[in-house]
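Taken in order, these protein sequences are the chains called A and B.
Going by our numbering, the first residue of the first sequence is number 116, and it counts up by one from there.
Going by our numbering, the first residue of the second sequence is number 253, and it counts up by one from there.
Source of the hints: derived by calculation from the structure; they are not laboratory data.
A hint or two may mislead.
[Said to hold, decoys possible] Label pairs and their in silico Cβ distance ranges:
#, chain 1, residue 1, chain 2, residue 2, range
1, B, L673, A, A189, 38 to 46 angstroms
2, B, T553, A, I138, 31 to 39 angstroms
3, A, R203, B, G314, 44 to 52 angstroms
4, A, K206, B, G610, 15 to 23 angstroms
5, B, D407, A, M151, 23 to 31 angstroms
6, A, D119, B, Y529, 32 to 40 angstroms
7, B, W666, A, I138, 34 to 42 angstroms
8, B, R406, A, M151, 23 to 31 angstroms
9, A, I148, B, I460, 33 to 41 angstroms
10, A, N145, B, R406, 33 to 41 angstroms
11, A, I148, B, F361, 29 to 37 angstroms
12, B, A631, A, L215, 33 to 41 angstroms
Virtual Cβ for every residue (Gly too), placed ideally from N, Cα, C.
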Amino acid sequence: MPADIPSLYFLIVSALVFAIGAIGVLVRRNAIIIFMCIEMMLSAVNLTLITAAHYLNSLDGVLMVFFVMTVAAAEAAVGLAIFVLLFRNRKTIKADEINLLKG
Amino acid sequence: MNLVTTQVTVMDLIVIAPALVLTGCALVILLLSAFVPTGRRGFLGYCAVAGVVAAMASLLWGNDGAQSGFNGMVQRDPFALFFTVIIGIITLLTILASLGYARREGIDFGEYYVLILFASVGMMLMAAGGNFLIIFLGLEVMSIAIYVLAGIMRDDARSVEAAFKYFLLGAFASAFFLYGIALIYASTGTFDLTGINRVFTEQSSIRILPIVITGLALLIVGFGFKIALVPFHMWTPDVYEGAPTTITAFMATGVKAAAFAAFVRVFWHALPQLQPYWVEIMWVLAVATMTVGNIIALVQTNIKRMLAYSSIAHAGYILVAFVAGNQLGAASILFYLLAYCFMNIGAFTVVILLGKKGEERTLISDYAGVGSRHPLLAAAMAIFMFSLAGVPPTAGFMAKLYVFSTAIQAGYYWLAVIGVLNSAVAAYYYLRVLIYVYFREQEGESPITQFAPAAVLVVVISAWGVLHLGVLPSAFFAMAQRSIQFLR
Numbered sequence: 116m117p118a119d120i121p122s123l124y125f126l127i128v129s130a131l132v133f134a135i136g137a138i139g140v141l142v143r144r145n146a147i148i149i150f151m152c153i154e155m156m157l158s159a160v161n162l163t164l165i166t167a168a169h170y171l172n173s174l175d176g177v178l179m180v181f182f183v184m185t186v187a188a189a190e191a192a193v194g195l196a197i198f199v200l201l202f203r204n205r206k207t208i209k210a211d212e213i214n215l216l217k218g
Numbered sequence: 253m254n255l256v257t258t259q260v261t262v263m264d265l266i267v268i269a270p271a272l273v274l275t276g277c278a279l280v281i282l283l284l285s286a287f288v289p290t291g292r293r294g295f296l297g298y299c300a301v302a303g304v305v306a307a308m309a310s311l312l313w314g315n316d317g318a319q320s321g322f323n324g325m326v327q328r329d330p331f332a333l334f335f336t337v338i339i340g341i342i343t344l345l346t347i348l349a350s351l352g353y354a355r356r357e358g359i360d361f362g363e364y365y366v367l368i369l370f371a372s373v374g375m376m377l378m379a380a381g382g383n384f385l386i387i388f389l390g391l392e393v394m395s396i397a398i399y400v401l402a403g404i405m406r407d408d409a410r411s412v413e414a415a416f417k418y419f420l421l422g423a424f425a426s427a428f429f430l431y432g433i434a435l436i437y438a439s440t441g442t443f444d445l446t447g448i449n450r451v452f453t454e455q456s457s458i459r460i461l462p463i464v465i466t467g468l469a470l471l472i473v474g475f476g477f478k479i480a481l482v483p484f485h486m487w488t489p490d491v492y493e494g495a496p497t498t499i500t501a502f503m504a505t506g507v508k509a510a511a512f513a514a515f516v517r518v519f520w521h522a523l524p525q526l527q528p529y530w531v532e533i534m535w536v537l538a539v540a541t542m543t544v545g546n547i548i549a550l551v552q553t554n555i556k557r558m559l560a561y562s563s564i565a566h567a568g569y570i571l572v573a574f575v576a577g578n579q580l581g582a583a584s585i586l587f588y589l590l591a592y593c594f595m596n597i598g599a600f601t602v603v604i605l606l607g608k609k610g611e612e613r614t615l616i617s618d619y620a621g622v623g624s625r626h627p628l629l630a631a632a633m634a635i636f637m638f639s640l641a642g643v644p645p646t647a648g649f650m651a652k653l654y655v656f657s658t659a660i661q662a663g664y665y666w667l668a669v670i671g672v673l674n675s676a677v678a679a680y681y682y683l684r685v686l687i688y689v690y691f692r693e694q695e696g697e698s699p700i701t702q703f704a705p706a707a708v709l710v711v712v713i714s715a716w717g718v719l720h721l722g723v724l725p726s727a728f729f730a731m732a733q734r735s736i737q738f739l740r
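Just need the whole structure built from these sequences, with the hints factored in.
Now the structure itself:
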């Protein structure tokens, strides 16, 4: 991390990326894009963790990032399988057309 | 930066013994299901039962005192032990209820039981985590297994839809939870719950930093999704209705118990200094959760959906004790979760027994005439419904009594009043089920000829648990009190 950029800037960028991801989840309708937005939120968290670890001079945050990446990969595997299953059943992955269950 | 020893000691193994046994058993079942021909895999469910029993037996290894392993990462204190036992009971009852159900619905392959065991491992780690890293990993191990379980009826569009909704919202909530952890880490420099507590005690000035308050709010959102607090409950009814009924019971009890365990541990052990900030939020969430859950449950026609809203309302009652925040409140949370696990699994198992292939017959009106055709099953259903409504002498009554007296003791009179009013509203929809069971005649002949013996056993155990906790609660309440002592 370049020394002349304050850590606060990194935290602000990650907060912005997180917010963009969260808004994306709420406004987009395609399941794949919603999922990409969730991945973006996780990446924003990773940026926060690395910034904090660098600033605090501690390894814990960096360690956490590895676990977060692993979990994100596992989540992607399960999530994409569910999307494939959904498409096979319903011929769509538009979130607003998935509405058998309501009441 | 301090480097720690990487050697695994016997103590570390004792601390994670139940999770270790369950993981080993799950791997064995996975291997067996690959080599045993289809059609002869009926015994895999019994292997899973044996695994859970062995995991519970492994708790006898080691003494009763508070211990920790892996440098404080995993705790083996009375609190963790209490929840490990609750989760063990839930897993055992779920698997027993599944034995007949899985065959009926065509999902009796090894992976079904393996995923239940893995989810159970995640729950135990969540309840025992002394570090945010373990709590997060436990949460994810549990959630990812349950995303799959919710959609395990691959050809059923409703089951897949439930998995889809649970996955998207669950992953969304995990991101919030994780961001909360990251911000607390950024302000305190550690993931260790005891360490966080120490930092907040020693440096009172950082308690009011915006980054800490934001982290706190994000943690509440993350937990709120998993526990299904209003306004983070949107996914609950859809997922509970669409998922296989056994998995619904597992989610309604296991996920809730594990998430509450982590919730209590994080907020009371790591962040008690921030109580002035979170107690007001929790007050509002408790009232909203109880009221919205109960009022929407009134108009439900599908029993799984009704029980979903009922489970939201019950989370609200538990949150009342959480707000009260005294020693008695903590013990009543534990007691409530124990009572809730018996009555809810019991009610869902009756739904399983009365159901038909393809997840049919789950409307409340389908229960007309059950009282005359299956008097014993109807009596069990009556016990569970009375308990959920909070009628003495059942576990639900004692649990509510403890929760509301805690709130009054701590001076939250309005909260107790709103809670009691809510219980009165809730009685309407629980008793409506019994009106159909006992006082409505049913057209056509009974579609059910035979009940799965294991599921009947689950109903008997649950009914016994509900009545026992209702009549003789003091021993269990004392146990709950002992379990919570170290946290304050």
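Evaluated hints:
1. Range check, L673(B) to A189(A): Cβ separation about 44 angstroms, and the 38 to 46 angstroms hint holds.
2. Remark: the range hint 31 to 39 angstroms for T553(B) to I138(A) is upheld by a beta-carbon distance near 36 angstroms.
3. Separation of R203(A) from G314(B) is about 48 angstroms and conforms to the stated range, judged on CB atoms against 44 to 52 angstroms.
4. Against the hinted window of 15 to 23 angstroms, the Cβ-Cβ separation of K206(A) and G610(B) comes to about 21 angstroms, which satisfies the hint.
5. Checked against the hint of 23 to 31 angstroms, the C-beta distance between D407(B) and M151(A) comes to roughly 28 angstroms, which is consistent with it.
6. Under the hint 32 to 40 angstroms, the C-beta atoms of D119(A) and Y529(B), about 35 angstroms apart, fit the expected range.
7. As the Cβ distance of W666(B) to I138(A) is approximately 36 angstroms, the hint placing it in 34 to 42 angstroms holds.
8. For the pair R406(B) and M151(A), the beta carbons lie near 25 angstroms from each other, so the given range of 23 to 31 angstroms is met.
9. A hinted range of 33 to 41 angstroms holds for the C-beta pair I148(A) and I460(B), which are about 38 angstroms apart.
10. With their beta carbons about 22 angstroms apart, N145(A) and R406(B) fall outside the hinted range of 33 to 41 angstroms.
11. Distance hint check: the CB atoms of I148(A) and F361(B) are about 33 angstroms apart, consistent with the given range 29 to 37 angstroms.
12. Checking the proposed 33 to 41 angstroms range against A631(B) and L215(A) shows it holds: the Cβ atoms sit about 34 angstroms from each other.
When each numbered hint is compared with the structure, a violation occurs for hint 10 only.
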